[in-house]
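A.B. asks: Sequence:
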Amino acid sequence: MNIYLFSVVMMIFIYVIIWRNVKRGRLGVRDSILWITLSVLMGVMVWQNTWLDWLATQLQVAYAPSLLFLMAVLLCLLFIFDLTIRLYDLQKKHIKLVQRVALLESEREEGR
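When the letters of the sequence shown are read in order and numbered with the working numbering, they come out as residues 98 to 209.
The hints are simulated quantities; they were obtained by calculation from the structure and are not laboratory data. There's no promise every hint is true.
With a straight-line Cα cutoff of 20 Å, these simulated SDA-like cross-link-like pairs (lysine to any residue) come out [said to hold, decoys possible]:
#: 1; residue 1: Lys-193; residue 2: Ile-182
#: 2; residue 1: Lys-189; residue 2: Phe-178
#: 3; residue 1: Lys-120; residue 2: Ile-109
#: 4; residue 1: Lys-190; residue 2: Asp-179
#: 5; residue 1: Lys-190; residue 2: Leu-201
#: 6; residue 1: Lys-193; residue 2: Arg-183
#: 7; residue 1: Lys-189; residue 2: Ala-199
#: 8; residue 1: Lys-193; residue 2: Glu-204
#: 9; residue 1: Lys-189; residue 2: Cys-173
#: 10; residue 1: Lys-120; residue 2: Ile-133
#: 11; residue 1: Lys-120; residue 2: Leu-102
#: 12; residue 1: Lys-120; residue 2: Met-108
#: 13; residue 1: Lys-190; residue 2: Leu-180
#: 14; residue 1: Lys-190; residue 2: Glu-202
#: 15; residue 1: Lys-189; residue 2: Ile-177
#: 16; residue 1: Lys-190; residue 2: Phe-178
#: 17; residue 1: Lys-193; residue 2: Thr-181
#: 18; residue 1: Lys-120; residue 2: Thr-134
#: 19; residue 1: Lys-189; residue 2: Leu-201
#: 20; residue 1: Lys-190; residue 2: Leu-200
#: 21; residue 1: Lys-193; residue 2: Arg-205
#: 22; residue 1: Lys-120; residue 2: Leu-131
#: 23; residue 1: Lys-120; residue 2: Phe-110
#: 24; residue 1: Lys-189; residue 2: Asp-179
#: 25; residue 1: Lys-120; residue 2: Ile-130
#: 26; residue 1: Lys-193; residue 2: Ser-203
#: 27; residue 1: Lys-120; residue 2: Trp-132
Here are the in silico distance ranges between beta carbons for each label pair [what the hints assert, rightly or not]:
#: 28; residue 1: Tyr-160; residue 2: Val-198; range: 53 to 63 Å
#: 29; residue 1: Lys-120; residue 2: Met-168; range: 24 to 34 Å
#: 30; residue 1: Tyr-185; residue 2: Pro-162; range: 31 to 41 Å
C-beta atoms are modelled at their ideal positions from N, C-alpha and C, and glycine is treated no differently.
All chains, full assembly: derive it from the sequences and hints.
C.D. replies: Shown next, in the form of structure tokens:
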């Protein structure tokens with residue numbers, strides 16, 4: 098199978114997975130737009146390999162596919178950073194919620 102055909106098949110597969118997860122409410126619209134955009138960018142870089150070669154030449158990277166790999170690693174790091182921020186926000190909300198429940202329970206017991 099040709100690598101270009103494989104990348105198109107994978108992009109279509111990713112779109113179907115994103116669409117199903119958005120439809121089921123398992124993936125937010127913000128995240129789905131991000132995933133679709135990234136898959137399109139990666140697909141374009143693979144499909145238009147002259148663009149990748151040009152970018153690798155501009156950045157003085159000797160082997161263009163290694164640039165694609167570097168871009169993927171950097172994007173993964175950005176995803177991890179975004180997830181860390183969301184996790185921290187959820188932890189803060191969880192602590193506030195637990196404290197509020199404890200206060201409501203203590204008020205209810207005092208009222209008895």
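A.B. asks: For each hint, tell me whether it holds in the structure or not.
C.D. replies: Cross-check of the supplied hints:
| no. | hint | verdict |
| --- | --- | --- |
| 1 | Lys-193 x Ile-182 | holds (17 Å) |
| 2 | Lys-189 x Phe-178 | holds (17 Å) |
| 3 | Lys-120 x Ile-109 | holds (16 Å) |
| 4 | Lys-190 x Asp-179 | holds (17 Å) |
| 5 | Lys-190 x Leu-201 | holds (16 Å) |
| 6 | Lys-193 x Arg-183 | holds (16 Å) |
| 7 | Lys-189 x Ala-199 | holds (16 Å) |
| 8 | Lys-193 x Glu-204 | holds (16 Å) |
| 9 | Lys-189 x Cys-173 | violated (24 Å) |
| 10 | Lys-120 x Ile-133 | holds (15 Å) |
| 11 | Lys-120 x Leu-102 | violated (27 Å) |
| 12 | Lys-120 x Met-108 | holds (18 Å) |
| 13 | Lys-190 x Leu-180 | holds (15 Å) |
| 14 | Lys-190 x Glu-202 | holds (18 Å) |
| 15 | Lys-189 x Ile-177 | holds (18 Å) |
| 16 | Lys-190 x Phe-178 | holds (19 Å) |
| 17 | Lys-193 x Thr-181 | holds (19 Å) |
| 18 | Lys-120 x Thr-134 | holds (18 Å) |
| 19 | Lys-189 x Leu-201 | holds (19 Å) |
| 20 | Lys-190 x Leu-200 | holds (15 Å) |
| 21 | Lys-193 x Arg-205 | holds (18 Å) |
| 22 | Lys-120 x Leu-131 | holds (16 Å) |
| 23 | Lys-120 x Phe-110 | holds (15 Å) |
| 24 | Lys-189 x Asp-179 | holds (16 Å) |
| 25 | Lys-120 x Ile-130 | holds (13 Å) |
| 26 | Lys-193 x Ser-203 | holds (15 Å) |
| 27 | Lys-120 x Trp-132 | holds (15 Å) |
| 28 | Tyr-160 x Val-198: 53 to 63 Å | holds (56 Å) |
| 29 | Lys-120 x Met-168: 24 to 34 Å | holds (29 Å) |
| 30 | Tyr-185 x Pro-162: 31 to 41 Å | holds (35 Å) |
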